[in-house]
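Put together the whole structure using the sequences plus the hints.
Be aware that the sequence shown starts at 1, since it is given in this note's numbering, and climbs by one per residue.
Just so you know, these hints were derived from the structure itself, not from any lab.
We put the beta carbon where it would ideally sit given N, CA and C, even for glycine.
A few of these clues could be false.
[To be verified] Derived DSBU-like pairs: lysine-lysine, alpha-carbon spacing no greater than 35 Å straight-line: (1) K28 - K286; (2) K163 - K28; (3) K59 - K163; (4) K292 - K28; (5) K286 - K163.
[Unchecked claim] Per label pair, the in silico range of CB-to-CB distance: (6) L92 - M1: 34 to 40 Å; (7) F282 - V211: 21 to 27 Å; (8) F118 - K163: 38 to 44 Å; (9) F62 - F215: 29 to 35 Å; (10) F141 - L49: 41 to 47 Å; (11) Y148 - L11: 23 to 29 Å; (12) I7 - V211: 35 to 41 Å; (13) H68 - F141: 21 to 27 Å; (14) M133 - T220: 48 to 54 Å; (15) G171 - H68: 27 to 33 Å; (16) Y148 - I7: 25 to 31 Å; (17) P93 - I294: 26 to 32 Å.
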Amino acid sequence: MIALLLIAGLLVGMMLPVQTSVNNHLGKFTRSPLLASFISFSVGALFLLIINIIINPAKLTFSQVSGHYPPYIWFLGGLCGIIFLTGNILLLPRLGAAMTVVTTVTGQMVMSILIDWFGFFHAPIHGISLGRMIGVILMLFGILLMNYLPRAKRKIQTTGSSKWWLIAGFGSGLLPPIQTAVNSQLRTAVDSFFLASLISFVVGVIILALVVAIFVRRFTFSKRKDTGEELPLWAFIGGFLGVAYVTANIVLMPYLGVALTIMILLCGQMVMALLIDHFGMFSIPKQQIDNKRIIGILFIIVGIILVHSF
1 MIALLLIAGL
11 LVGMMLPVQT
21 SVNNHLGKFT
31 RSPLLASFIS
41 FSVGALFLLI
51 INIIINPAKL
61 TFSQVSGHYP
71 PYIWFLGGLC
81 GIIFLTGNIL
91 LLPRLGAAMT
101 VVTTVTGQMV
111 MSILIDWFGF
121 FHAPIHGISL
131 GRMIGVILML
141 FGILLMNYLP
151 RAKRKIQTTG
161 SSKWWLIAGF
171 GSGLLPPIQT
181 AVNSQLRTAV
191 DSFFLASLIS
201 FVVGVIILAL
211 VVAIFVRRFT
221 FSKRKDTGEE
231 LPLWAFIGGF
241 LGVAYVTANI
251 VLMPYLGVAL
261 TIMILLCGQM
271 VMALLIDHFG
281 MFSIPKQQID
291 NKRIIGILFI
301 IVGIILVHSF
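Written out as structure tokens, the structure reads:
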């Protein structure tokens, strides 16, 4: 059972870099990453609404909600997702891709351990052992190894003000584990994985709609200036991939704990990111897989095994 969940988590984690690449391609036609994210979230919300209408229409009335749940479960998951998404958009041009990944992943692992250890947001408690800590450290080292570049090769050089962006990256990374734990609690309240995902997506759509209305103030598509390419239909699949990712988080967390859920999903992300770079998928420039990145993946896998074993 656990092995199947880990495999499912790995496969779903592989969808996130694909979603990022697809949304990035969509952004070339909207000329705004925020507008592209809004469209992606809207597609995902519409898809989830259809699923809920087909599978469990009675639950859309919320009449089955029983017990007393804190008000934050209805909005905090979606809010964390949007802040993390927007944070990455702001961090990427200031820190570069490598440092953005390293700082946010570090934040994710720290918060995952705290939630597992103390049972925040009514998450199942998973004790912290030496083996689990070593596993987390090995994973962080593997991710650092995969993303490290010598200072001379960095396209974006760090400056004195970069330390504040590094702190912001760490803080942004604290949010996805909170989102996972809160959405899992929401799933218990509404007794449905898909309804919990829908609520999270709807909150995201509402927040992004406000942000787009304030800062973008348009809703248009245009041909790419550099190639004249028309908008392809596959540029809208990011929303479907996001649905799979958010729902998988809700499904996996009660069985694996927050730390192991985040780790297996991150492993899938790293593997797919390597494949996208190596084969130049989604118009991404090719970047051959080298020994350093392979060793980094091996460290990540060993870290996951240790966290699962202890």
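Regarding F141 and L49, is the given constraint of 41 to 47 Å on their beta-carbon distance met?
holds (42 Å)
Falls inside 29 to 35 Å, the C-beta gap from F62 to F215?
Holds - the Cβ-Cβ distance for F62 and F215, about 33 Å, lies within 29 to 35 Å.
Whether the CB-CB distance between Y148 and I7 falls inside 25 to 31 Å
holds (29 Å)
H68 and F141, beta-carbon distance inside 21 to 27 Å?
violated (43 Å)
Given the hint that K292 pairs with K28, test it: the Cα-Cα distance must not exceed 35 Å.
OK: K292 and K28 at ~32 Å, within 35 Å.
When you take the CB atoms of G171 and H68, is the distance between them in 27 to 33 Å?
The hint (27 to 33 Å, Cβ to Cβ) holds, given that G171 and H68 are roughly 30 Å apart.
Does the hinted range 21 to 27 Å hold for F282 and V211 at CB?
holds (25 Å)
Check the hint pairing K28 with K286 against an upper bound of 35 Å on the C-alpha distance.
holds (19 Å)
Can the suggested window of 48 to 54 Å be confirmed for the beta-carbon pair M133 and T220?
holds (50 Å)
Pair hint K286 and K163, alpha-carbon separation not exceeding 35 Å
holds (30 Å)
State, for the Cβ atoms of Y148 and L11, whether the hinted interval 23 to 29 Å holds or is violated.
holds (27 Å)
Does K163 lie within 35 Å of K59 when you go C-alpha to C-alpha?
Violated, at roughly 47 Å.
In this structure, the earlier hints numbered 3, 8, 13 are contradicted, and the remaining ones agree with it.
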